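Participant: I would like the entire structure built from these sequences, with the hints used as guidance.
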Amino acid sequence: MNRPLGDDLRQLFEREIGAPPPGARQRVLASVSQVARRPARRWQAAAGLVAVLLAAAIVATLLVARENQRTVPGNKPTGVIPWLPLPAQLQAPVVPSSTPSPLPAGTKPCTSAQLQIDVLGSNGAGGHVFRSFGFSGRGTTDCFLQGTPAVALFDRSGHLLPFQPRAPFLGSLSTGPILVQPGPLPDPYANLKNGQAALTIDWVTQPEACGGSASVQIATARITLNGGGAALSATLPDDPGAYLCAGLGIGTFEGPPPPVEEPPVLPLPAIALKVPSSVRAGGVLVYQVTLTNGTLQPMDLIANCPNYGEELVLIDPNGGPTRGIKPAFQLNCAPAGTIQPKASLTFEMRLTVPQDEAPGLYKLFFALGYWNAMTTPSSAPVTISK
Amino acid sequence: MDDEQRLISLAREGDNGAFQSLLGPYVEPACKLAFVMLGDWQEAEDAVQEAALKSWRATKKLREGTSRFRPWFLTVVANECRSRRRGRWFRTLRVAEPRIATQADVADVAAGRADLERAVAALDRSARLLLFLHFYLDLSHEEAGRVLGLSGAAAKTRLYRTLRALRPELELETAL
Chain A
1 MNRPLGDDLR QLFEREIGAP PPGARQRVLA SVSQVARRPA RRWQAAAGLV AVLLAAAIVA
61 TLLVARENQR TVPGNKPTGV IPWLPLPAQL QAPVVPSSTP SPLPAGTKPC TSAQLQIDVL
121 GSNGAGGHVF RSFGFSGRGT TDCFLQGTPA VALFDRSGHL LPFQPRAPFL GSLSTGPILV
181 QPGPLPDPYA NLKNGQAALT IDWVTQPEAC GGSASVQIAT ARITLNGGGA ALSATLPDDP
241 GAYLCAGLGI GTFEGPPPPV EEPPVLPLPA IALKVPSSVR AGGVLVYQVT LTNGTLQPMD
301 LIANCPNYGE ELVLIDPNGG PTRGIKPAFQ LNCAPAGTIQ PKASLTFEMR LTVPQDEAPG
361 LYKLFFALGY WNAMTTPSSA PVTISK
Chain B
387 MDDEQRLISL AREGDNGAFQ SLLGPYVEPA CKLAFVMLGD WQEAEDAVQE AALKSWRATK
447 KLREGTSRFR PWFLTVVANE CRSRRRGRWF RTLRVAEPRI ATQADVADVA AGRADLERAV
507 AALDRSARLL LFLHFYLDLS HEEAGRVLGL SGAAAKTRLY RTLRALRPEL ELETAL
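Protein chains in written order, with my numbering: chain A, 1 to 386; chain B, 387 to 562.
Don't read these hints as lab results, they were simulated from the structure. Given the structure is predicted, the values throughout are model-derived calculations rather than measurements. There may be inaccurate statements among the hints.
Said to hold, decoys possible - Quick list of the computed label-pair ranges, beta carbon to beta carbon:
no., chain 1, residue 1, chain 2, residue 2, range
1, B, Pro-411, A, Thr-383, 24 to 34 Å
2, A, Glu-16, B, Arg-471, 17 to 27 Å
3, A, Pro-165, B, Gly-535, 34 to 44 Å
4, A, Gly-229, B, Ser-469, 39 to 49 Å
Virtual Cβ for every residue (Gly too), placed ideally from N, Cα, C.
Facilitator: Structure follows, in structure tokens:
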């Protein structure tokens, strides 16, 4: 008899999953400690009230300063800009394309005579094969494809393979009409272009679902449009065999992905870190970041406020390079205003060190970036003590 | 009141140290759960990070008498993963790499493990997840059911059916 199934499953998952990336636990715990607010203690209650009043005054001052900075370009704050737990801005501005692919009035549904078809490629996942077909127009007239066509599959002998229809494994993304124009067929290795369409079908390649029955080899696909007419025929390369009882998923016609213009590339200031030599585990590492505008243009931090990420990494002589830094917060840009060319601004930073962080020599990594595009981090050593 | 209940009580009052002490041991299991659901370590870590932040914010709303942190936190992680999986980007681009057989796999064939691997791969997503929660993370039927939005009894029944499908000849009492 085999070993207990539970042990086999445990080992199977162990093999398949492996271990999370190094430092994952530390990063998750650090992210929580960053946003945590310590509860006010009793003896702090009176001080808390004073702090609230003080904070209100600071906010009012900052708002006035911000207003001044808007009206007086290049106004530079004095001193160190305080840290605020501002959430990172991860959504890049999406600029809608000025050239979408609308369906012109009067466009009619495609007939098979207006279309040419080709096999685009296949993919595999979750015991399924995904086979895509590409379409473009031929002749001189535009038309549109919409919805799910009828797809019949045949083996090499021309016998119809009696698949039961079922929902596509990955769902259907597009249900609207797709404009098809006369032109070349889609490139298998590139996105669809305007005027081209695609259709994806999927079948199961794992035998377990069909209780010992043999697989079938699909050789030809015949696609009949919803409006009827002659079927479009395509010959398939040798894909993995299919199990009939697991059914055939047929997607909907899809068009090119919505065009998105890339946001402009914005310059970033140079970073210089001033980090204390040590900090206690469970304490707050307070350090300074000086940003210098090395470009010839002013940097308006209010209009374009960068995110930053920070990470403490134990210096391990046997370890490899750290992974990319992820954006965690946004700089406190409101009081910063604009950095003039060759000018610098200093920001205070606060990083709570987890209580259970192992003592040792660490490197503090700090990186800036817009949205989630972080640049190469700067670093400085710091010792964590108990 | 045991240590975990005491930490939950402190965390509900806003003690971040207590929350971190609760969270620490479950970050790695949570990352693995997220990886099983999302198939990508980077995405899994992001999901766990987001779930940890949500859990911290929601700690104050934990019901009085909540005595176990693990099933609650893993439920938040699973919900975060489901939410990410529903995203259009994930559905369109995230296609798992087919696993390439290794020498170890070849050796496993003799032991019948490759068959099991194929059978598990053919299971639907929720059945696979249930196996993972129960056999790999050692969650009880009740805890695994909670993560999946099922009662403990329903989780046990589904587990029984799944195991029966995997290895019909097995004496299931020993596995369950």
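Participant: Evaluate each hint against the coordinates.
Facilitator: Against the structure, the hints come out as follows:
no., hint, verdict
1, B:Pro-411 <-> A:Thr-383: 24 to 34 Å, "26 Å, holds"
2, A:Glu-16 <-> B:Arg-471: 17 to 27 Å, "18 Å, holds"
3, A:Pro-165 <-> B:Gly-535: 34 to 44 Å, "29 Å, violated"
4, A:Gly-229 <-> B:Ser-469: 39 to 49 Å, "43 Å, holds"
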